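Engineer: Here are the chains, one letter per residue:
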Amino acid sequence: MADRDEIAEAYADWRIRCNENDRLRRMLRGWDRVVHLVATDTGDRFTVEVRDQMLAELAGGTDAVADLVVTATSEDFADLFWGDLNPSEKYMSGEITLAGAQEDVMRLDAMSMVAFLDR
Amino acid sequence: MQDRECEALIVGAGYAGLSAARELVRAGIDVLVAEARDRVGGRVWTTTSPTGAVIDHGGQWIGPGQDLLQKLADECGAETFPTFTTGEGVEWRDENRTTYAGLIPTSDPAAAADGIEAIFELDLASTEIPLDAPWDAPDARARDEQTLGSWLAATVSSPGARAIITAAVKSIFGTEPGELSLLFTLFYLRSGGGLMNLARTTNGAQERRFAGGAQQPALYLADELADRVLLSSPVTAITYGADTVTAIVTPPESGGDPVRIRARRCIVAMPPALSVRLDWSPPLPGRRDQLSMRAPMGSVTKIHAVYDRPFWRDEGLNGQVVSDEGAIRVSFDDSPPDAAHGILLGFIAGDECRALDAATPAQRAQAALADFVRYFGPRAASPLEVLERHWPAEPYTRGGPVAVFSPGLLTGFGPALRDPVGPVHWAGTETATEWCGYIDGALSSGLRAAAEVIAALAR
Chain A
1 MADRDEIAEA YADWRIRCNE NDRLRRMLRG WDRVVHLVAT DTGDRFTVEV
51 RDQMLAELAG GTDAVADLVV TATSEDFADL FWGDLNPSEK YMSGEITLAG
101 AQEDVMRLDA MSMVAFLDR
Chain B
1 MQDRECEALI VGAGYAGLSA ARELVRAGID VLVAEARDRV GGRVWTTTSP
51 TGAVIDHGGQ WIGPGQDLLQ KLADECGAET FPTFTTGEGV EWRDENRTTY
101 AGLIPTSDPA AAADGIEAIF ELDLASTEIP LDAPWDAPDA RARDEQTLGS
151 WLAATVSSPG ARAIITAAVK SIFGTEPGEL SLLFTLFYLR SGGGLMNLAR
201 TTNGAQERRF AGGAQQPALY LADELADRVL LSSPVTAITY GADTVTAIVT
251 PPESGGDPVR IRARRCIVAM PPALSVRLDW SPPLPGRRDQ LSMRAPMGSV
301 TKIHAVYDRP FWRDEGLNGQ VVSDEGAIRV SFDDSPPDAA HGILLGFIAG
351 DECRALDAAT PAQRAQAALA DFVRYFGPRA ASPLEVLERH WPAEPYTRGG
401 PVAVFSPGLL TGFGPALRDP VGPVHWAGTE TATEWCGYID GALSSGLRAA
451 AEVIAALAR
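So the protein sequences, as listed, match chains A and B.
Numbered according to the working numbering, the first sequence spans residues 1 to 119.
Numbered according to the working numbering, the second sequence spans residues 1 to 459.
Certain hints may be false.
[Claimed, not checked] Below, in silico cross-link-like pairs of lysine to any residue (SDA-like), each with a Cα-Cα straight-line distance of 20 Å or less:
| no. | chain 1 | residue 1 | chain 2 | residue 2 |
| --- | --- | --- | --- | --- |
| 1 | A | K90 | B | R208 |
| 2 | A | K90 | B | P109 |
| 3 | A | K90 | B | T202 |
| 4 | A | K90 | B | S107 |
| 5 | A | K90 | B | N203 |
| 6 | B | K71 | B | A211 |
[To be verified] Example chain B residues on the side facing chain A (calculated, C-beta under 7 Å, incomplete):
| no. | residue |
| --- | --- |
| 7 | T85 |
| 8 | A101 |
| 9 | A112 |
| 10 | A113 |
| 11 | I116 |
| 12 | D123 |
| 13 | T127 |
| 14 | G193 |
| 15 | M196 |
No wet-lab data here; the hints were simulated from the structure.
Keep in mind the model is a prediction, meaning the values are calculated, not measured.
We put the beta carbon where it would ideally sit given N, CA and C, even for glycine.
All chains, full assembly: derive it from the sequences and hints.
Structural biologist: Here it is, written out as structure tokens:
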């Protein structure tokens, strides 16, 4: 189990790597979205905003209407952001779920795989 | 010659024809369905092997968003179960075997990232394609002049990334990327929710299978239609006027009398390339006929190797392969839900299928087993049995899994895909807007064609 601080720390690291990655920046073009993260074990909620091809800082679960909702265990969120977890594997096993419009799911799916591979 | 009459004749009892027939019957229309084969289901065909394994020789999967097929499966009680995905896949590249977790082989992370970005760019571009009129897409002409192969050569510099995409495309379309119009490719991807979606098992087009085989819902529809379905009844000629159609059924050599069926409307529920093998009188309009000349069937062989158990699972493998060498370059674990057998399913697609066209089934099986040994070790050499279906040699299919549209088809001839010719209407998965090429698309195409006929008969 990972607490809020651990997830926030891992995300901060992931965010810097994503925002410095030219390929990811290209893949985020024209895609401003609000993404909610829900940890299935702790019930913790977070909000990530994507704006102008950049990931914003992690916020506590906000009331902003989500375009996408990602669910995973708190541990998997932390491992994902540290780059220790292959998101494609967890998505394939059903342990990570994505809910949203098909194009948004496609974007998040692809960018998270690239973030893992380019780590 | 025997004479029969009906209001609407349907040619072909695949999922498109059966779906159209059911809709027409529900509207109170008198229907006959003429099917050339001795079975229904078209490109979906389930048999039970000598060792008792349920084998789908054709279309076999159901995934999220395929709502018409899911509804039909629910209605007839056809159970589905998840495709086996636990463990790692095998990647074979440059004569080197590695294993990988997730969707995309990762032995070369830079190539994998290039591959994902390329898939992403295709999927993003596909969202611009209007499904009901891809010829109106932005840059339609320029895109229809290119092939997916030329796009890959110009856009994707990494050979590893091209190899990953090529392996996926070959098994999805049964062709090489250089044979596919880029515009058609983008249309097809949009129609099925994107290349990533079409390549996926979980959360994608290969998510689930039918415990009793994918033909089960077709058999259910045929049961409901009862004696309206005429099996072993190949239509060989169609004569049409303004409001009448006469079809000649020439029975196969096994016997039976020729039948002349008169109808007010006709739905031809078969791939374009097969529809023009009928003897049309008067000849079909040039645009429809020439469209059919530009939509060849893909080249695919399905091979099932049946073992006493799924031994690859013991080594943490999920049976999936992405390879750049050999006859089989994509495979799946096709074992039954209770794993009473272990079954490896391999696709021989595109150039490899053509290279083995003149081979005997035993020779193709030998090539497949050599590949399985390379991917899964020596135990793969000794299956209980090998079953194959070489679709290019199927008389009433002539290839698969789908018709592929050549450059220039959509922009030059596109509307002729669905535009009726007098009293003749067109169905088949190739005419679908959603899930084109899939069972779900076949079902929706039947509903669309039936709606056209219902409207025409009401006039």
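Engineer: Against each hint, give a clear statement of whether it holds in the structure.
Structural biologist: Results of checking the hints against the structure:
Distance check on the hinted pair: A/K90 and B/R208 sit about 17 Å apart at the alpha-carbon level, within 20 Å; holds. The hinted pair formed by A/K90 and B/P109 meets the criterion: a straight-line CA distance of about 18 Å does not exceed 20 Å. For the given pair, A/K90 sits about 10 Å from B/T202 by alpha-carbon distance, which is consistent with the 20 Å threshold. With a C-alpha separation of about 18 Å, the suggested pairing of A/K90 with B/S107 holds against the 20 Å cut-off.
Proposed proximity of A/K90 and B/N203 is supported: the alpha carbons are some 11 Å apart, at most 20 Å. Distance check on the hinted pair: B/K71 and B/A211 sit about 16 Å apart at the alpha-carbon level, within 20 Å; holds. Residue-level restraint check for B/T85 holds (minimum Cβ-Cβ distance to chain A is 5 Å; threshold 7 Å). Below 7 Å, beta-carbon pairs count as interface contacts, and B/A101 has one with chain A at about 4 Å; its hint therefore holds.
Given hint, B/A112 at the interface with chain A, holds; its Cβ is 5 Å from that chain's nearest Cβ, closer than 7 Å. Given hint, B/A113 at the interface with chain A, holds; its Cβ is 4 Å from that chain's nearest Cβ, closer than 7 Å. About 5 Å separates the beta-carbon of B/I116 from the nearest beta-carbon of chain A, less than 7 Å, and the hint is met. Among the interface hints, the one on B/D123 holds; its C-beta lies about 5 Å from the nearest C-beta in chain A, closer than the 7 Å criterion.
Here the hint on B/T127 is kept, as its CB sits about 6 Å from the closest CB of chain A, short of 7 Å. Satisfaction of the interface hint for B/G193 is found here, the shortest Cβ-Cβ separation to chain A being roughly 5 Å, below the 7 Å cut-off. A distance limit of 7 Å between C-beta atoms decides the matter here; for B/M196 the minimum to chain A is near 6 Å, and the interface restraint holds.
Of the numbered hints listed earlier, not one is contradicted by the structure.
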